[in-house]
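Using the hints, put the two standalone chains together into the complex.
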Amino acid sequence: MTGQSHVLAADVPFPPSVEDFYLPSIVPWEGTDSYWFTKITFLVWLTVAILIIFFLVSYRKPQLVPTKKQWLAESVYGFVRNNISVEMIGHRGVAFAPYLTTLFCFIFLNNLWGIVPVAQISPNSHIAFPAFLAIISYLMFILVGIRHHGFLKYFKTALIPPAPWFILPLLIPIEFFSNFLVRPFSLAVRLFANMFAGHMLLLVFTLGGFAMINANPWFAPFSVVSWVMTIALTFLEFLVVALQAYVFTVLTASYVQGALADEH
Amino acid sequence: MSTLAEVAGSTAAIGYGLAAIGPGIGVGLVFSAYIQSTARQPESSRLTLPYVWIGFAVIEALALLGIAFGFIWQGQL
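Those sequence lines, one after another, are chains A and B.
For the first sequence, the positions run 8 to 271 when our numbering is used.
For the second sequence, the positions run 4 to 80 when our numbering is used.
Just chain B, with the same shape it has in the complex (with noise of 0.2 Å):
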């Protein structure tokens, strides 16, 4: 039987696809959530500013040591 179509690569590629979901939602809330308080007290604004850089440093952590680990833990499909 000849081959017809080949798939090659890292399996790392799906699973970090897979890890990225969490972070994803997890950003998508935090933005959410300033955009409505922000709405809400448009003078808050400024203030919890910082709290949502920190929110999503700490959520975009665990989509950047998917990348990290992507690259260290690679299978070979």
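Isolated chain A, as found in the complex (with noise of 0.2 Å):
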């Protein structure tokens, strides 16, 4: 134990950076710089595998009463069914429940690795996860408009508000930033930035400690109070990740909601 951080505190990087993100392969294939199977690609499995047999096996077989899996899952798919999906886009809001779940689900389970001991790492604070969330997103609100009103009609909807004619040059293109180009890349960047900044979050004050200890013995009340600080942030991370999977959802369910509005 004392040779461990003895270790650690021999050569602690202190002020972590984004380099601190590239994990190192877990099985290196051609060289030790290809990373195609690292700890970040391996919570990703893990986080789809976990979902898929978690569902298939607490509705293999449907209880009236349930049991205690069952109410799991039922629960998380009723709150996402009647507290996102119908609140927000109505009666038409329960044929987007199923995607707005899995989307909340993988999320939710996803932003969970962070905190999650020895894992410690979302897969999305790379931006690559959450980028590919948000294109789906955008693709399905843009598509489900399109199907609802027609391809004219929904850029119509979308693009031209209600108000006279000589303030529309102005509004349209404003309408168009921010339905078309600000949206996807908000959700992408909210959730990856969360995540990113959670992480570095945790670094400095785990990291912190050492270094203080490091620089000088006396300084070792201080790295106590850092790590925590490290433990009381982990639980603002929990609210963090909740939030983020819940909020990811909402605002999908909220452009839905804008593209299927019949009139603004």
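Treat the hints as calculated values from the structure; they're not laboratory data.
Fair warning: there could be bad hints in the mix.
As the list claims (entries may be wrong) - With the Cβ distance kept under 7 Å, some of the chain A side facing chain B (calculated, not the full set):
{"no.": "1", "residue": "Thr45"}
{"no.": "2", "residue": "Arg197"}
{"no.": "3", "residue": "Ala200"}
{"no.": "4", "residue": "Ala204"}
{"no.": "5", "residue": "Leu208"}
{"no.": "6", "residue": "Val211"}
{"no.": "7", "residue": "Leu214"}
{"no.": "8", "residue": "Val257"}
Unchecked claim - Derived contacts from chain B toward chain A, CB cut-off under 7 Å, selection only:
{"no.": "9", "residue": "Trp56"}
{"no.": "10", "residue": "Gly73"}
{"no.": "11", "residue": "Trp76"}
Unchecked claim - Calculated Cβ distances over 12 Å to all of chain A for the following chain B residues:
{"no.": "12", "residue": "Ile17"}
{"no.": "13", "residue": "Arg49"}
{"no.": "14", "residue": "Ala64"}
Think of the CB as a built atom: it goes at the ideal place given N, C-alpha and C, for glycine as much as any other residue.
Below, the structure written as structure tokens:
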């Protein structure tokens, strides 16, 4: 134990940098620099496996009086269906509940790896995963709108707000910018930056404790404070994890609702 | 002349500190409006809650853009 902490304290790269997010390959293939199977890859596959197996197992033999597993699965689905889809989209929302539930569970579990001991990094702290989730939601709400209104009418309702004609040259670019450019971008960056900043924050407080002990043994009490802060921040991170999964799902639902809305 | 104290690091940290003021005020306004509306009309609390989170998320995005761009365009002091 002492040996281990001594080794850790010996050379701690203190200000944590972006490089800390690029973990080494678990199985080196064509050299150690090929990042084809890292912890991130493993965690994403684990998330997918857990979700598929959990929902398959808990809905295999549905009981009238639900078992514990079935109760959990039903309450997650019920929460997303009633409190997100139906509340945001209305009666048409039931059709989107399966997608939104999948999205919610996938993001929640992926975020949760950020605070699970041993895993301790969220795959969503790499922009690729949030970016693809945002692209899926983006394409979905546009396609849903086109299917509901027809191509021209959808873009007409999305781009042309009911306003006097002379203000339209100003409003149409703004509507285009906010509806079709900023939405997917902010959806992706919000999730990514939350997970990135959360991991960075935990790194700063954990490594900061080691850096202080390393600088001067008399700073040991401050290191302890720093590590206690890490534990407190881990609980804060749990809040952020749940909130970001919820926010991503609610925003997707509200974009779908906007695409399905008949008039402004 | 000998150097007594040195400041080293990235100016992006100062920039991010400044950039966080606006979203900080904004998020505060969102929750203050929610608390006020709930205090005035307690039965509306469930109705307005999704909009609270949407507003919060939209405003918070600005602060998070600050974090992301701070790492992209970091200047050395």
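Each hint, compared with the structure:
Given hint, Thr45/A at the interface with chain B, is violated; its Cβ is 20 Å from that chain's nearest Cβ, farther than 7 Å. Given hint, Arg197/A at the interface with chain B, holds; its Cβ is 5 Å from that chain's nearest Cβ, closer than 7 Å. This hint holds: Ala200/A has a C-beta 3 Å from the nearest C-beta of chain B, less than the 7 Å allowed. Annotation: interface hint on Ala204/A holds; nearest CB of chain B at approximately 5 Å, less than 7 Å.
Violation of the interface hint for Leu208/A is found here, the shortest Cβ-Cβ separation to chain B being roughly 10 Å, above the 7 Å cut-off. Of the supplied interface hints, the one on Val211/A is violated, with its beta-carbon coming no nearer than about 12 Å to a beta-carbon of chain B, more than 7 Å. Hint status for Leu214/A relative to chain B: violated, with the closest Cβ pair at about 15 Å, above 7 Å. Nearest Cβ of chain B to the Cβ of Val257/A: about 6 Å, under the 7 Å cut. The hint holds.
At about 6 Å, the closest approach between the beta carbon of Trp56/B and any beta carbon in chain A falls short of 7 Å, and the interface hint on this residue holds. Proximity of Gly73/B to chain A is violated relative to the hint, the smallest CB-CB distance being about 10 Å (cut-off 7 Å). The restraint placing Trp76/B at the interface with chain A is violated, with a minimum CB-CB distance near 13 Å, outside the 7 Å limit. The Cβ of Ile17/B sits about 15 Å from the closest Cβ of chain A, beyond the 12 Å cut-off, so the non-interface label holds.
Consistency note on Arg49/B: stated as away from chain A, yet its beta-carbon is not over 12 Å from all of that chain's, at 9 Å minimum. Chain A draws Ala64/B into its interface by the beta-carbon criterion, the shortest separation being 5 Å against a cut-off of 12 Å.
In this structure, the hints that do not hold are numbers 1, 5, 6, 7, 10, 11, 13, 14, in rising order.
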